[in-house]
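A.B. asks: What follows is the residue order along each chain.
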Amino acid sequence: MNEILVCSDLCKNYGQKTALSHLELTLERGKIIGLLGPNGSGKTTLIKLIAGLLVPTYGSLTVGGNRIGVETKKIVSYLPERTYIPEWMKVKDILDFFEDFYSDFSRDRAVEMLTSLNIAVGDKIKTMSKGTKEKVQLILVMSREAELYLLDEPIAGVDPAARDYILRTIITNYNENASIIISTHLITDIEPVLDDVVMIQNGTLRIHASVDEIREKNQMSVDALFREVFRC
Amino acid sequence: MAWYFSGDKAVYLQIMEEIQLRIISGFYPLGTRIPSVRDLAEEARVNPNTMQKALTELERSELVVSQRTAGKFVTCDEKRVTEIRERMSSECMEEFLSRMKKLGFTEKEASEKIGQHCAKNETDPRN
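For the record, the sequence lines run as chains D and X. Residues 1 to 232 (my numbering) make up the first sequence, in order. Residues 1001 to 1127 (my numbering) make up the second sequence, in order.
Here chain D stands alone, though its shape is the one from the complex (with noise of 0.2 angstroms):
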């Protein structure tokens, strides 16, 4: 079974306005997706669909062949916008929620990153800056040994040295039989590491194809095709 992900006919309504209309898509193991799209297209309302927090209208989704569940919570690794850290917790206190809750987070690769980004497990969530927040969120999140990675805006909100950090733990770290999908607007930077891309709008598939497709198809960046696409 090579499928991680599979969307089928998926539909997701806030009320009256429509997030996700029909959504058709299937997404393979082993490979870093970019999940694109303009600001409101629904790439959370998919992401949270696919971490459970969300409940869809219509439609099937499947992670693993299972419906999402408990079974798909032990195996999806999710990195949500905000970060939600407790302010009054130490890195080590969240270490150890993360050890406590999920079975297959590995605390020494945790803290092997840490170190790398000067992150002491004695630090403070409270003293920490937006980016570093983010850091540590983003570590937590990609020390466990799922099978999907969802990361949302993993790398707005930090400096570039970072977010080059970031994106080389990301592709040493993930092995052949997980997918990550990253969604973000910075695709510049995230172009190199992708193997696939995701194109969404008004919450419906516009665009799934392969980098190498979209570079050699159209003769231009992955960035400079989603300008042409979603022009204003």
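Hint data in this document are derived by calculation from the structure and do not stem from the laboratory. It is possible that part of the hints are untrue.
Listed next, with one range per pair, are the computed distances between beta-carbon atoms [said to hold, decoys possible]:
(1) X:R1087 with D:R168: 46 to 54 angstroms
(2) X:R1099 with D:G69: 58 to 66 angstroms
(3) X:Q1067 with D:S106: 30 to 38 angstroms
(4) D:S129 with X:G1007: 40 to 48 angstroms
(5) D:A161 with X:T1032: 48 to 56 angstroms
(6) D:T127 with X:Q1067: 46 to 54 angstroms
(7) X:I1024 with D:G69: 52 to 60 angstroms
(8) D:F101 with X:R1099: 40 to 48 angstroms
(9) X:E1083 with D:V6: 33 to 41 angstroms
(10) D:N177 with X:T1032: 26 to 34 angstroms
(11) D:G157 with X:K1101: 41 to 49 angstroms
Note that the Cβ used here is the ideal one computed from N, Cα and C, for glycine as well.
Given the coordinates of chain D, work out where chain X should sit on it, guided by the hints.
C.D. replies: For chain X alone, kept in the frame of chain D given last:
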């Protein structure tokens, strides 16, 4: 240092070019082992699948040879390297000519110009 990639060409093609250059220039000498896919991917800051694709293509062109357990090696075939070098040099010249044509020079004028330019470089004491 991350490798630089331009926007208009597939990334794996640009990686192939870089590795070909490294082989031709002797940065990766004939018959030596080249770094692993993971290490190269990390160095170039690209997806390992993309690096793998570039190396597979290089194997197909027989510039890189895979030895099942030991990794990937630069070919020992000097002739093959010379061929690739010739091909890349033709591509370079075609590019030069096409840009000169855009500037309004004929091929003959372009050829004279490059000749003059090289002659000037040779007499320049700074070289």
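A.B. asks: How does the Cβ-Cβ distance of X:R1099 and D:G69 compare with 58 to 66 angstroms: does it lie in that range?
C.D. replies: holds, 60 angstroms
A.B. asks: Is 46 to 54 angstroms a correct range for the gap between the Cβ atoms of D:T127 and X:Q1067?
C.D. replies: holds, 53 angstroms
A.B. asks: Is it true that X:E1083 and D:V6 lie within 33 to 41 angstroms of each other by Cβ?
C.D. replies: violated, 46 angstroms
A.B. asks: Is 48 to 56 angstroms respected by the C-beta to C-beta distance linking D:A161 and X:T1032?
C.D. replies: violated, 32 angstroms
A.B. asks: Is the distance from the Cβ of D:N177 to the Cβ of X:T1032 consistent with 26 to 34 angstroms?
C.D. replies: holds, 32 angstroms
A.B. asks: Does the Cβ distance between X:R1087 and D:R168 fall inside 46 to 54 angstroms?
C.D. replies: violated, 33 angstroms
A.B. asks: Take a look at whether the Cβ-Cβ distance between D:S129 and X:G1007 falls inside 40 to 48 angstroms.
C.D. replies: Violated - the Cβ-Cβ distance for D:S129 and X:G1007, about 32 angstroms, lies outside 40 to 48 angstroms.
A.B. asks: Honestly, do D:F101 and X:R1099 meet the 40 to 48 angstroms range at C-beta?
C.D. replies: violated, 59 angstroms
A.B. asks: Just tell me: holds or violated, for the beta carbon distance of X:Q1067 and D:S106 against 30 to 38 angstroms?
C.D. replies: Given about 32 angstroms between the Cβ atoms, the range holds.
A.B. asks: Per the hint of 52 to 60 angstroms, is the separation of the Cβ atoms of X:I1024 and D:G69 within bounds?
C.D. replies: holds, 55 angstroms
A.B. asks: For the range 41 to 49 angstroms, tell me whether the beta carbons of D:G157 and X:K1101 fit it or not.
C.D. replies: holds, 48 angstroms
In the structure shown, a violation is registered for the earlier hints numbered 1, 4, 5, 8, 9, in ascending order.
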